[in-house]
Structures are given as structure tokens and as C-alpha cells.
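For this one, chain A is given, so just place chain B on it according to the hints.
Keeping their order, the protein sequence lines are chains A and B.
Just so we're aligned, residue 1 is where the first sequence starts under this note's numbering, counting upward by one.
Just so we're aligned, residue 1 is where the second sequence starts under this note's numbering, counting upward by one.
Check the hints yourself; a few may be wrong.
Identical copies carry no separate label here, and so any pair may be met within one copy or between two of them.
Taking lysine-lysine and the DSSO-like style, the derived pairs with C-alpha atoms no more than 30 angstroms apart in a straight line are [stated by the list, open to error]:
1. K209 / K94
2. K18 / K124
3. K357 / K26
4. K235 / K331
Calculated directly from the structure, the hints in this document are not laboratory data.
Number of protein chains: 2
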Amino acid sequence: MENIYFTPGPTQLHPAVKGFLHDALKKDICSISHRSQIFRELYVEAVTNIKKLMGTPEEFEVFFLASATEIMERIIQSCVHSKSFHVVNGAFSKRFFDIACMLKKNAEQAEYNHGADVELCELKVPDDAELICITQNETSTGFWIPPIDFKKLTKTNKDSLLAVDVVSSAPCAALDFAVVDLAFFSVQKCFGLPSGLGVLIAGPESLKKAQDLESRNVNPMSFHSLVSLAECGAKEQTYETPNVLGIYLIAKMASWMLEYGIERIRLDMEAKQELLKSAISEMDGLSFFVENKRFQSPTVSTLSSQRDLKALRANLAAEGLHVGSGYGDFKDKQIRIANFPSHSLLDFERLVAALKKYSMHLGDR
Amino acid sequence: MENIYFTPGPTQLHPAVKGFLHDALKKDICSISHRSQIFRELYVEAVTNIKKLMGTPEEFEVFFLASATEIMERIIQSCVHSKSFHVVNGAFSKRFFDIACMLKKNAEQAEYNHGADVELCELKVPDDAELICITQNETSTGFWIPPIDFKKLTKTNKDSLLAVDVVSSAPCAALDFAVVDLAFFSVQKCFGLPSGLGVLIAGPESLKKAQDLESRNVNPMSFHSLVSLAECGAKEQTYETPNVLGIYLIAKMASWMLEYGIERIRLDMEAKQELLKSAISEMDGLSFFVENKRFQSPTVSTLSSQRDLKALRANLAAEGLHVGSGYGDFKDKQIRIANFPSHSLLDFERLVAALKKYSMHLGDR
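Same shape as in the complex, but just chain A (with noise of 0.2 angstroms):
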């Protein structure tokens, strides 16, 4: 039986994948120095490929780290000397909240969730915030963030960073870089490779920001601050002996994106999601957690029902179709389901039958 993991991350692995490893293996790239002149190249070719396919401007540069976890503590430790403001919409914001609180930062949340009814502009942002922090596309809820409302927000918070997690959407979401200062994403998300690999993006202003903070010497530094790892960047390198494998292979997936055309994946991805909806709309039992269409995630959809739903999980489990459960307390109550690029329409079609016959019960009261 061939199994699909419909799970937000790990995911199911690119088909492509297989192949890029068979090649990094004739090529020798894991007994390659990180120190060499192949690496050097390899870096480059990684960092180029991520910025053409987010559409990233010149000026910003890109750094390999371990996790998005990893990143959203880098972010705090280089970019905030006291104070950070997070919009927290689920698990993923809450995390980046708790980090900075653990950082010992006055660190200030805001609730925006699946209820939302007010725009994001609206929240108050203290003046004194350093960093907005924001995760456009919720994995724990698939609560999305129109990244349109953004520049809103932004407008009247000109002295803060913004700092966007856009772990299970990026490449799919569209960022604007003229108001997100640092974006980061973990790879095993919409670019189903192997985990173990965390891309941030950062802007000239988070840099100038990293750079006058560790110049005043008010904080505890790392080998992995904004400064050090743009110190690194700039010879094609990293400070550590970095994931090798992992930067070889988001080099080729982002390239493979390039040349399938980063317009036909969001297409894909809609047409995907089209499926899913209407088959939802048509079922008793099962509707989708977060109400407000406009914040629905096209790449996360977190279904929910009055009854239990482990035996559908599992039903659909015994069918090869493995879906997410919900996320902490949510974990029975909940399934969810990724609609990332290594899914397809075939894939889709398989699960919306599968749904359909397992969960014809679930709206009997």
C-alpha cells in the first residue's frame, strides 16, 4: 500500500527528493569540507534559488540555521534590546512569545485568532516595540495571515522590525519585502525535504539593528547572531559545519520550483484546496475550525467536528491517507490536512473519497 502523509510537517517528501539524493550521493557532497570551494558554490546556488522564488530584493540575505525554533531565538537575542510585540494566533506565535520571554525580554502578545473579526491593523502595537512578530500561516490551527495586511500594520509602526514566520506557507505565500524586514521557514514543510534545515531571511534594516546593538555590547551574543552569520555569508560559508545535505537539497527542490514556475505551484495549491473545500461544504459532520474564509490557510486546513475524530484518522491511516491530528488539546477533536507542493491533485481526490465514505457519521447526533 502507498502511503500519503498529509501531516504539516514533517510531510510527505517530494517525489523529486529521491533524486536529488541518488545525485548528492555520485557527487560525494556529504564527504565534501564545508570550508571548500564545491560548498562555497553550493551556497551560493541555494541562497540565489530561495531569493528568485520568493521574489526577495538583492539587498536581503539568507541564512541556513537548524530550525525555525532556532531562528525565532536568533531573531530576539539579535534584533530586540527590551522589547517585542507578538500577534499570537495559535502554537507556532505562542513559541515565539515564550522564546522571547525566556530571552528575558518585556515581551508583549496580542490574541488574533480563529475568532478574529477585527482587521490586523487594528491590534496596538506598544510604541516602544522593537519587533512585530507574526506567523502568517498558523500550522497548529491553519489560521492564515493575509500577508496584504502587513503593510497596513506596518504603516503605523514605521520604528518597529517585522518579522514574519512563514513556516508552512513560504514559498506559497507572497511576501512583500518592502515591509517585511525577516522572513524564516523550515524545509520540511511546502518544500518536503528531509527536516533539519531552518532558512531566515533578513533585510538591510534587521542587520543595521543586529549590528548597533552588538556594538553597544547589551547582549549576550551567539555564534548564530544576525552579525555572525552575515559575517560568515559574506565568504559563502557558515560558522559551524552546517547541514550540508540539507542546503544541496533546497537548492535543487528551489530550483525545481523555479523551472515548474512558482505561479503554477500556487495554482496547484488552489485547485487542491477547491477540491478539499467543496467536499467539506457537502459533509454533515466536519467544517473547517477557522470560520472566517479570509483567514482560512490554503496550505494548512485544521477540520473539525462534534464527535471524536481518532477512528477517522485512523480509518483514513489504514488507507495509506495519514492526516495531522489536531494540535495539543485539540489533538482528538481535530484533524489537519497540508496541501503543500508535494501533494497532488490525484492525492487530493484520494483523500476527499476517503473522507467522504469515513465520515459520513460524524454529523448523527
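Same frame as chain A, but now just chain B:
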């Protein structure tokens, strides 16, 4: 032409890895959730095999991080309030010291390197040092501190924790966990695996110290503090999405090594090293940078010459034999040769023959 990488890390991928990667793909290891039962079993398998292979007592814990460099930072963050002491014998022990300084600790260092003619235990450790940091095998210079020397040093410094960097010697160096509180390595050295994973072995005293500091709330915390690592580890999980494939590969490689036998691995290492040593002793123009035999690393040999060694390296590389350059300022004045389990006796015979051929005129003045 078959390439063999004698570079001291990343190094020649172990010949068994190809099969492990193939199995990982077949088992969908890269698609599974890091919160799933399959992952938890994998986590336990990796921890169990590593402990068995390293002779680690039951009460020690094993954690997975991104790199040895990250581990240096996490150890200092978690176990030092104000003062650490560093035995500096090359670039990596210096890095450990630098990281303590970045974190604004009152770190002290003592040089103890290739010219050493004193015993390790004669170094003066400050009474208030909370942590002693030693790089057991300096990858930058091939200076090896026999692990037996740790005991005498800690005897006179009972209140300090001992952290040992065994990056390019684990599991070949036999550690006495009665005196070692923390040991760490990365997987791209003796384990011959793709880079991107660091392994930390932490004893009860280090965890107690970390808990004490955390409860007193005196240090900034991290998602990768020893306390958080232990909390997540108790659930056979990690805080973030880790390098799942890397954890799979170390579980399988440690299992492979257990089956092959750690004693046999050490005997292989000695046989290859004897071959190299005997060849070098007959050469005019090449000699061990570390003169004192007691401090010569069996896993990383650094060879010096009066002449520039760039041409020698290029000649070897032309035959597919890739040796490391010297570290830092010694780039062209030294070569470094790794002797890891990935390297066979046959590889060393090829290398020695080529060294004899190409070093013929190095001794001429």
C-alpha cells in the same frame, strides 16, 4: 576515479550509509511526524545504541542538537553562572572559550598545546570555575589529550563540572564517565555520517546544575537549555522538529558499530595509524606537528614541512586522495589526515604510497 576523503570532517561518508539512506526512503522516515510513535522508537534506539557504544552509564542522558558548536553554547548557557575554565589546545577549544565570552561569562583560558611538556593536572584551575572545558582531540592540530589524564585534573577540582569535546574522536576515545560530566560530538567525523547533527551526553550533576540555575532565574534561557532538552527527552521527543534523518542514521550507524565491535574499530584505527607513522618516519620532508607521541592524535594527524604543501595536496587530490589543508594560518604549511572508521586499511595503503611518491623532494633544501 574513486575519490577518498581523508579530510577531518566532513569526511569520507561511511560505506554503510548508502544502504541506510535507501532503507530510510523505503520506510518513509523523512515523511513521519516527529511526534509519532515511530519517531519515539527511533529516538530511543539512537540513545540506547549511542550509550552502549560509548559505555555511558544508565543515569546519563543523550540529546540531539544541530552541531558541536551549538552544544558548546548550550553547555555554557545551561551550566555556567559566572565562570568557566578552558584548556586551549587549538582552534576548537578556543571556540569554546570564545563562546563563553560571547555569553558574557568571566571565562579563563590556559594554553596547553603541541609544545606541552607538563601534565594536564598541573594546570591551575581557578577555585571558582563552575565548568572545565577540554577539547580532547583538537581537529585543528591533531593534539590529543589522553582521556586518562582527566581523572587527575578533576581530583584536585572536585566542585567543577567537566565538559569534554570529543568531536573528532568519539567513539574511538574511551571516556571515563566517572569523571566526565558532559561529552559531545558531531556525526560527520568518526561516525562518517552526513553533517548536521550534534550529540550531547549529559550526566546527572550537569543536569542538577542546569536546574539549579534555571530555578534561580539568573541566566537567559533557551529552548535548547539542558532542562528543556531533558523535559522533551523524557517524552522521547525534541522541542523543535529535529533532523529526523540524521537521528535515524546515527541510530543505524551506532548499531552497525556495536555489531562490528568497538574494540575492533580501535584496533583498525591503530593499524592504519601505525602504517602512516612508519611511512612518515622514513620521509625526510614531512613530520608530525605534535612531536610528543603521547599527545599525537590517532584520529587526526597533522603533518608539517619546511616547504609549502599546496602542491603535495594537489598531487594527492589528482589521484582522488583528498587530505585536509592546515587549519587557519597553517593552511599551506600543514596537511591533516583523518583516520576514521570510514577509512579502510586499503585506503591508507593507497595514501601512504602516494605520500611517498609526492613528498620525495620535500626534504631537499
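A quick look at each hint next to the structure:
1. K209 / K94: both (24 angstroms within a copy, 28 angstroms between copies)
2. K18 / K124: The answer is neither: 47 angstroms in one copy and 54 angstroms across copies each exceed 30 angstroms.
3. K357 / K26: Classified as between: cross-chain Cα gap 29 angstroms, same-chain 45 angstroms, threshold 30 angstroms.
4. K235 / K331: between (45 angstroms within a copy, 16 angstroms between copies)
Hint check: a violation occurs at hint 2 only; the rest are consistent with the structure.
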